[in-house]
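There are 2 protein chains.
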Amino acid sequence: MAVCVDMELVAKDAYKAARRGDVIVVIDALRATTSIVASLANGAKSVTPVVTLKEAANLRKEHPDYLLVGEREDHKPKGFDLGNSPAILAREPLQKKNIILTTTNGTKALIKSKESKWVAVGSFLNARAVAEKTLEISRRNATGISFVLAGERNRFSLEDFLCAGAITERFPKNALELSDKTSAALLAFKGAKGNLLERIQNSKHGQHLMERGFNEDIEFSCHTDIYAIVPFYRNGKVEAVA
Amino acid sequence: MAVCVDMELVAKDAYKAARRGDVIVVIDALRATTSIVASLANGAKSVTPVVTLKEAANLRKEHPDYLLVGEREDHKPKGFDLGNSPAILAREPLQKKNIILTTTNGTKALIKSKESKWVAVGSFLNARAVAEKTLEISRRNATGISFVLAGERNRFSLEDFLCAGAITERFPKNALELSDKTSAALLAFKGAKGNLLERIQNSKHGQHLMERGFNEDIEFSCHTDIYAIVPFYRNGKVEAVA
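Going down the list, the sequences are from chains A and B. Residues 4 to 245 (the working numbering) make up the first sequence, in order. Residues 4 to 245 (the working numbering) make up the second sequence, in order.
Just so you know, the hints here were simulated from the structure itself, not pulled from any lab data. It cannot be assumed that every hint is accurate.
Copies of the same chain look alike in the list, so a pair counts if it works inside one copy or between any two.
[Claimed, not checked] Each computed DSS-like pair below joins lysine-lysine, with the alpha-carbon atoms no more than 30 Å apart:
| no. | residue 1 | residue 2 |
| --- | --- | --- |
| 1 | K207 | K19 |
| 2 | K193 | K176 |
| 3 | K120 | K81 |
| 4 | K100 | K120 |
| 5 | K207 | K120 |
| 6 | K79 | K100 |
| 7 | K196 | K64 |
| 8 | K81 | K196 |
| 9 | K196 | K99 |
| 10 | K117 | K48 |
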């Protein structure tokens with residue numbers, strides 16, 4: 004039976020994907036989900052996403068050894084150990100560290116997906132691994148797969164859409180029934196992949212980050228298939244599954 | 004100054020485009036807007052879109068010489084002169100005829116756009132003409148341009164998205180500031196144009212029409228740039244502007 008692949012374009016609609024019983028792939032390709040993948044691939048043990056700075060501070064009080072990571076309006080909040088920079092998180096010494104992460108969009112998309120049994124963390128970095136792992140789970144459990152795009156303030160975001168297209172391209176052909184949104188994302192990725200970095204630099208979020216000097220993060224976020232891990236969000240925290 | 008090009012993915016959000024003051028391009032690429040373009044290019048004088056069968060019947064009573072055209076669940080309603088088939092409307096003798104049109108999605112998208120001063124009727128058939136005319140108007144009036152996709156029952160539709168991408172590709176380069184949705188549509192069209200017909204046949208609406216024997220309409224609807232007219236919806240009716 005073909006696996007149905009669908010998509011919610013904004014984080015607030017994550018509940019629709021959870022209601023369908025789908026395996027969810029959350030994507031915040033220039034920020035949170037890429038940061039999570041980079042951190043875990045770099046040896047971190049877990050990432051606990053939280054929405055507010057207060058929750059982050061409380062959790063740190065409980066676990067003084069946890070690292071505080073995140074951003075507010077692109078900057079590292081006061082008292083935090085690290086900002087939400089995937090490029091930096093990929094090279095900092097994070098072995099066996101537990102991370103508390105709070106960001107503006109991506110962490111919310113994860114938390115809004117929590118009603119689903121399987122919530123995978125997607126990015127360009129681990130696109131192929133995500134495609135393989137989620138297809139395996141959806142076949143074993145006779146469910147569909149749904150992308151949930153984080154977007155910015157519940158707006159459609161090009162980079163997340165292209166990342167969903169990249170993951171879709173990595174599913175085996177003929178194994179899937181794509182929704183119109185997913186077909187569109189696949190076609191857009193096909194149209195973009197010849198100069199993916201430039202396309203993403205020209206997205207609204209890309210332009211915003213470029214203006215603030217985060218070009219290294221954009222370049223890093225566009226590296227496709229460099230990691231084979233698939234992090235899953237379960238019981239409030241994200242851990243990698245080999 | 005660059006012209007901003009944005010997009011509403013479903014008809015019910017047409018009011019947002021109208022509120023921005025944008026020149027609107029309504030797209031229902033496999034049905035209503037393609038039928039309208041075909042009818043007017045084929046010599047019809049006007050098309051009056053109405054939502055209900057009752058409105059259509061009342062208008063016909065007022066104007067017994069008007070043709071009743073439309074569909075309900077893909078079929079010509081009882082007492083109607085013609086169904087909503089763009090291929091047939093392109094070859095029927097329609098010279099100087101006024102048409103009353105009622106369909107499930109596209110006519111609603113037009114009517115929901117009526118608060119805008121300029122509502123152009125877009126399709127693959129007149130993609131280039133629409134790009135040129137709407138850009139001219141938006142420059143003259145310092146407004147943006149917004150695509151409003153009809154979709155099916157307020158769902159995202161691939162064919163309308165690709166048509167918006169086709170029109171976007173026909174704007175002169177560097178004249179525009181594209182929203183992320185519009186960039187995505189442009190990239191998807193670039194990814195699809197090598198086999199546009201097949202891509203559209205594989206969309207949900209395409210599959211639906213194929214199963215019901217409307218392949219001729221799909222093929223016809225994909226003919227790009229065959230007409231140079233740009234119909235505008237104004238004061239309740241659509242007429243072509245040379």
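Which of the stated hints cannot be reconciled with the structure, identified by number in ascending sequence? The structure conflicts with hints 3, 7, 8, 9, although it agrees with all the remaining ones.
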